[in-house]
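Engineer: Next come the chains, spelled out residue by residue.
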Amino acid sequence: MTFQLLGVNHKTAPVEVRERLAIPESRLPEALRRFIQHPGVEEGMILSTCNRVELLARTPKEGADLRGFLGDYWRVDRSLVDPHLYEYREKDAIRHLFRVTSSLDSMVIGEAQILGQVKDAYATARAVGAVNSQMDQLLTRAFAVAKRVRTETAVGSSAVSVASVAVELAKKIFGSLIGKQVYLVGAGKMTELAARHLLANGASSIFVANRTYDRAIRLAQKFQGQAIEFSRLYDTCDRADIIITSTGSPHAIFRREHGELFLSRRKNRPMFFIDIAVPRDVDPEINKLDGIFVYDMDDLQQAVDSHVADRKTEAEKAESIIDTEVERFQTRLETLDLVPTIVSLQDHLESIRQAEIDRVRGKLGPLSAEQQLAIEALTRGIVNKIMHTHISTLKTAAREPEATTVVEVVRRLFNLGEKKGSGGDA
Amino acid sequence: MFAHIALIFTGYAALVLSFGASLLYLVEERALKSKQSSGRLARLPALEVIDEIGFRSLLLGFPFMTLGLIAGTVVAQSTLGRVNPFDPKILLSILMWAVYLILLYTRWSAGWRGRRAAYLVASAFGFALIAWAANYFSPFHGFARL
Numbered sequence: 213m214t215f216q217l218l219g220v221n222h223k224t225a226p227v228e229v230r231e232r233l234a235i236p237e238s239r240l241p242e243a244l245r246r247f248i249q250h251p252g253v254e255e256g257m258i259l260s261t262c263n264r265v266e267l268l269a270r271t272p273k274e275g276a277d278l279r280g281f282l283g284d285y286w287r288v289d290r291s292l293v294d295p296h297l298y299e300y301r302e303k304d305a306i307r308h309l310f311r312v313t314s315s316l317d318s319m320v321i322g323e324a325q326i327l328g329q330v331k332d333a334y335a336t337a338r339a340v341g342a343v344n345s346q347m348d349q350l351l352t353r354a355f356a357v358a359k360r361v362r363t364e365t366a367v368g369s370s371a372v373s374v375a376s377v378a379v380e381l382a383k384k385i386f387g388s389l390i391g392k393q394v395y396l397v398g399a400g401k402m403t404e405l406a407a408r409h410l411l412a413n414g415a416s417s418i419f420v421a422n423r424t425y426d427r428a429i430r431l432a433q434k435f436q437g438q439a440i441e442f443s444r445l446y447d448t449c450d451r452a453d454i455i456i457t458s459t460g461s462p463h464a465i466f467r468r469e470h471g472e473l474f475l476s477r478r479k480n481r482p483m484f485f486i487d488i489a490v491p492r493d494v495d496p497e498i499n500k501l502d503g504i505f506v507y508d509m510d511d512l513q514q515a516v517d518s519h520v521a522d523r524k525t526e527a528e529k530a531e532s533i534i535d536t537e538v539e540r541f542q543t544r545l546e547t548l549d550l551v552p553t554i555v556s557l558q559d560h561l562e563s564i565r566q567a568e569i570d571r572v573r574g575k576l577g578p579l580s581a582e583q584q585l586a587i588e589a590l591t592r593g594i595v596n597k598i599m600h601t602h603i604s605t606l607k608t609a610a611r612e613p614e615a616t617t618v619v620e621v622v623r624r625l626f627n628l629g630e631k632k633g634s635g636g637d638a
Numbered sequence: 426m427f428a429h430i431a432l433i434f435t436g437y438a439a440l441v442l443s444f445g446a447s448l449l450y451l452v453e454e455r456a457l458k459s460k461q462s463s464g465r466l467a468r469l470p471a472l473e474v475i476d477e478i479g480f481r482s483l484l485l486g487f488p489f490m491t492l493g494l495i496a497g498t499v500v501a502q503s504t505l506g507r508v509n510p511f512d513p514k515i516l517l518s519i520l521m522w523a524v525y526l527i528l529l530y531t532r533w534s535a536g537w538r539g540r541r542a543a544y545l546v547a548s549a550f551g552f553a554l555i556a557w558a559a560n561y562f563s564p565f566h567g568f569a570r571l
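Taken in order, these protein sequences are the chains called A and B.
Reading the first sequence from the start, the letters are residues 213 to 638 in my numbering.
Reading the second sequence from the start, the letters are residues 426 to 571 in my numbering.
Possibly wrong hints are sitting among the right ones.
What the hints assert, rightly or not - With a Cα cut of at most 30 Å, we get these calculated BS3-like pairs of lysine-lysine:
#1 A:K383 x A:K401
#2 A:K479 x B:K458
#3 A:K223 x A:K401
#4 A:K500 x B:K458
#5 A:K479 x B:K460
#6 A:K597 x A:K607
#7 A:K331 x A:K524
#8 A:K524 x A:K383
#9 A:K500 x A:K383
#10 B:K458 x A:K383
#11 A:K383 x B:K460
#12 A:K223 x A:K303
#13 A:K303 x A:K273
#14 A:K597 x A:K575
#15 A:K401 x B:K460
#16 A:K359 x A:K529
#17 A:K524 x B:K458
#18 A:K500 x B:K460
#19 A:K524 x A:K359
#20 A:K524 x A:K303
#21 A:K223 x A:K273
#22 A:K401 x B:K458
#23 A:K331 x A:K529
#24 A:K359 x A:K383
#25 A:K607 x A:K273
#26 A:K529 x B:K460
#27 B:K460 x A:K524
#28 A:K529 x A:K383
Said to hold, decoys possible - Negatives, chain A to chain B, calculated, CB over 10 Å:
#29 R245
#30 Y298
#31 R353
#32 E364
#33 T448
#34 H463
#35 E472
#36 I564
#37 L590
#38 V618
Since the hints were derived computationally from the structure, they do not count as laboratory data.
We treat Cβ as the ideally placed atom computed from N, Cα and C, and that holds for glycine.
I would like the entire structure built from these sequences, with the hints used as guidance.
Structural biologist: So this is what it looks like as structure tokens:
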């Protein structure tokens with residue numbers, strides 16, 4: 213048996229192809245049922261997210277025509293999809309799954325979402341009975357590998373979006389964001405996104421000031437905040453701990469003297485300005501004041517870039533973890549593959565039988581053909597009875613977690629010798 | 426006598442802690458202002474947390490220092506009868522205590538923190554060190570002669 217994987221992702225296929233192949237969650241069970249009926253698919257799982265669609269199957273040694281299923285199920289023009297497909301087998305399929313689950317194949321390396329998505333796909337496949345024994349073990353291992361990567365490398369630890377960097381910085385200044393007040397100056401998409409992030413992290417109330425008062429009211433309502441008229445901006449800003457500005461003003465709105473004013477009103481409690489406007493709304497001079505921190509778009513982007521670079525170095529460490537894990541799993545699979553063990557067990561017992569017959573044959577004198585057959589039948593019967601128990605024990609054990617040990621013990625008991633890696637068809 | 430030493434020591438300890446916190450505050454503030462977000466900075470606690478630690482330890486240490494000084498006066502009056510207010514140790518200790526007081530007052534009234542507070546804490550700490558060193562010049566604080 214072997215593992216086989218066919219798919220498209222954000223690197224190989226444009227969104228038009230990916231969305232054509234994506235399967236909504238509600239239709240996934242049905243798709244899985246059809247997938248395991250596809251010739252050659254013994255177990256199967258389908259992972260469908262916005263960045264990738266992948267079919268993973270356990271197939272016989274000679275493999276299965278997964279591309280055929282693609283054509284059958286989606287009824288897409290093969291020539292449209294084929295150039296974007298990647299297909300892996302055996303080790304490569306295992307490696308790919310491990311990399312995907314550990315978020316090394318993601319658009320944003322190290323993002324945490326993909327692990328949950330693979331877990332969901334696995335849960336669905338399990339629920340419809342599309343995975344059991346071997347795929348079960350493969351997926352369990354993949355989750356363990358993802359966890360190992362997460363704890364042993366820093367691949368997912370730093371913020372890699374402008375909004376999350378802003379939150380991280382705010383936490384660096386204020387500790388907890390609980391109870392912190394956020395002031396939005398200008399009601400743009402970006403301010404809204406940043407505010408959403410801050411609120412999700414515990415920030416309490418929101419003020420919104422905008423030149424068009426209506427828009428301020430609308431945005432404030434979204435967050436159950438308070439709209440403030442633009443003319444009262446300077447009188448109210450000192451109430452905020454975090455100020456996010458994104459107005460279209462050609463000049464700086466906040467200058468050094470405003471900073472000084474706010475600080476004296478706030479008894480010097482720190483303030484964090486996030487300036488995402490271009491041209492900038494906050495005069496960089498303010499950053500020189502004790503207790504005020506100003507980050508503009510470039511600063512935030514720079515932090516994002518350096519974190520992305522950090523993740524890339526960490527990803528290299530993760531790749532080597534994956535290499536060892538793939539090797540380990542492969543070895544385990546080979547042991548789990550019972551065919552060579554059973555064959556050598558059979559050979560072993562057969563040679564004992566032959567040797568024993570040859571040994572006693574001389575003492576028996578001339579035998580009739582019937583007697584000869586009886587001796588054959590008797591000895592074969594004994595061997596088969598013994599074999600039968602062992603084979604069924606091995607087969608049951610192969611589904612258990614301690615399978616490797618059981619197979620090893622049987623090999624040692626019967627002195628079957630070391631297994632050769634190439635012995636199996638794994 | 427024991428009360429005097431124990432109280433003053435606790436006061437010193439709080440001051441040292443506060444001094445350490447304000448150094449950390451300055452380091453982290455500089456890093457945040459110069460926009461270096463990775464590396465050492467990542468392991469420091471948040472700015473407000475450091476500030477809080479520094480302030481709390483000051484707040485806690487001040488009564489100890491005050492009581493310690495009072496205890497010292499009482500002890501001195503009962504054993505020596507009369508205290509020379511120009512003894513260098515006593516003078517410096519009172520100066521240190523005054524800076525301590527200023528520190529708490531500016532914090533309470535104007536919320537001084539960060540660089541300015543750090544300088545004040547550093548100077549209180551400096552006076553404390555000198556006051557400590559003054560043991561060698563003060564006729565009745567010399568430990569060697571105790």
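Engineer: For every hint, state whether the structure bears it out.
Structural biologist: Each hint tested on the structure:
Our distance criterion of 30 Å between C-alpha atoms is met by K383 of chain A and K401 of chain A, whose separation comes to about 22 Å. Restraint check for K479 of chain A and K458 of chain B: satisfied, since their Cα atoms lie roughly 20 Å apart, inside the 30 Å limit. For the hint pairing K223 of chain A with K401 of chain A, the CA-to-CA distance comes to about 28 Å; that is within 30 Å, so the pair holds. Restraint check for K500 of chain A and K458 of chain B: the C-alpha separation of about 8 Å stays at or below 30 Å, so the hint holds.
Proximity of K479 of chain A to K460 of chain B is assessed by CA-CA distance (about 24 Å); at most 30 Å being required, the pair is judged to hold. At roughly 16 Å between alpha-carbon atoms, K597 of chain A and K607 of chain A fall within 30 Å of each other, so this suggested pair holds. Simply put, K331 of chain A and K524 of chain A have alpha-carbon atoms about 24 Å apart, close enough for the 30 Å limit, and the pair holds. With a C-alpha separation of about 24 Å, the suggested pair K524 of chain A and K383 of chain A falls inside the 30 Å cut-off, and the hint holds.
In summary, the hint linking K500 of chain A to K383 of chain A is supported, as the alpha carbons are separated by about 20 Å, within the 30 Å threshold. Simply put, K458 of chain B and K383 of chain A have alpha-carbon atoms about 15 Å apart, close enough for the 30 Å limit, and the pair holds. Between K383 of chain A and K460 of chain B the alpha-carbon distance is near 14 Å, which keeps this suggested pair within the 30 Å criterion. Pair hint K223 of chain A plus K303 of chain A holds up; C-alpha atoms about 21 Å apart against a cutoff of 30 Å.
Restraint check: the Cα-Cα separation between K303 of chain A and K273 of chain A comes to about 13 Å, which is no more than 30 Å; the hinted pair holds. Under the criterion of a C-alpha separation no larger than 30 Å, the hint pairing K597 of chain A with K575 of chain A is consistent with the structure, at around 26 Å. Restraint check for K401 of chain A and K460 of chain B: satisfied, since their Cα atoms lie roughly 25 Å apart, inside the 30 Å limit. With a C-alpha separation of about 14 Å, the suggested pairing of K359 of chain A with K529 of chain A holds against the 30 Å cut-off.
A threshold of 30 Å between alpha carbons decides the hint, and for K524 of chain A with K458 of chain B the separation of about 26 Å falls inside it, so the pair holds. A hinted pair counts as satisfied when its Cα atoms are at most 30 Å apart, and K500 of chain A with K460 of chain B qualifies at roughly 13 Å. For the hint pairing K524 of chain A with K359 of chain A, the CA-to-CA distance comes to about 18 Å; that is within 30 Å, so the pair holds. A threshold of 30 Å between alpha carbons decides the hint, and for K524 of chain A with K303 of chain A the separation of about 24 Å falls inside it, so the pair holds.
Restraint check: the Cα-Cα separation between K223 of chain A and K273 of chain A comes to about 29 Å, which is no more than 30 Å; the hinted pair holds. Proposed proximity of K401 of chain A and K458 of chain B is supported: the alpha carbons are some 26 Å apart, at most 30 Å. A threshold of 30 Å between alpha carbons decides the hint, and for K331 of chain A with K529 of chain A the separation of about 24 Å falls inside it, so the pair holds. Note on K359 of chain A and K383 of chain A: the hinted pairing holds, with a Cα-Cα distance of about 26 Å set against a maximum of 30 Å.
Taking the CA atoms of K607 of chain A and K273 of chain A, the gap is near 19 Å; set against the 30 Å cutoff, the hint holds. Between the alpha carbons of K529 of chain A and K460 of chain B the distance comes to roughly 27 Å, so the proposed pair stays at or under 30 Å and holds. For the hint linking K460 of chain B to K524 of chain A, the alpha-carbon distance of about 21 Å falls within 30 Å, and the restraint holds. With a C-alpha separation of about 28 Å, the suggested pairing of K529 of chain A with K383 of chain A holds against the 30 Å cut-off.
Listed as outside the interface, R245 of chain A is consistent with that label: its C-beta sits roughly 48 Å from the nearest C-beta of chain B, beyond the 10 Å cut-off. Every C-beta of chain B lies more than 10 Å from that of Y298 of chain A, the closest at about 34 Å, which supports listing it as non-interface. The beta carbon of R353 of chain A sits about 32 Å from the closest Cβ of chain B, which is more than 10 Å, so the claim that it is off the interface holds. Its beta-carbon lying about 18 Å from the closest one in chain B, E364 of chain A satisfies the requirement of being farther than 10 Å from that chain.
Annotated as non-interface, T448 of chain A keeps its C-beta farther than 10 Å from every C-beta of chain B; the closest such distance is 19 Å. Its beta-carbon lying about 23 Å from the closest one in chain B, H463 of chain A satisfies the requirement of being farther than 10 Å from that chain. No beta-carbon of chain B comes within 10 Å of the beta-carbon of E472 of chain A; the shortest separation is about 12 Å. No beta-carbon of chain B comes within 10 Å of the beta-carbon of I564 of chain A; the shortest separation is about 67 Å.
The Cβ of L590 of chain A sits about 77 Å from the closest Cβ of chain B, beyond the 10 Å cut-off, so the non-interface label holds. Under the 10 Å C-beta cut-off, the non-interface status given to V618 of chain A relative to chain B holds; the minimum distance is some 47 Å.
In this structure, every one of the numbered hints holds.
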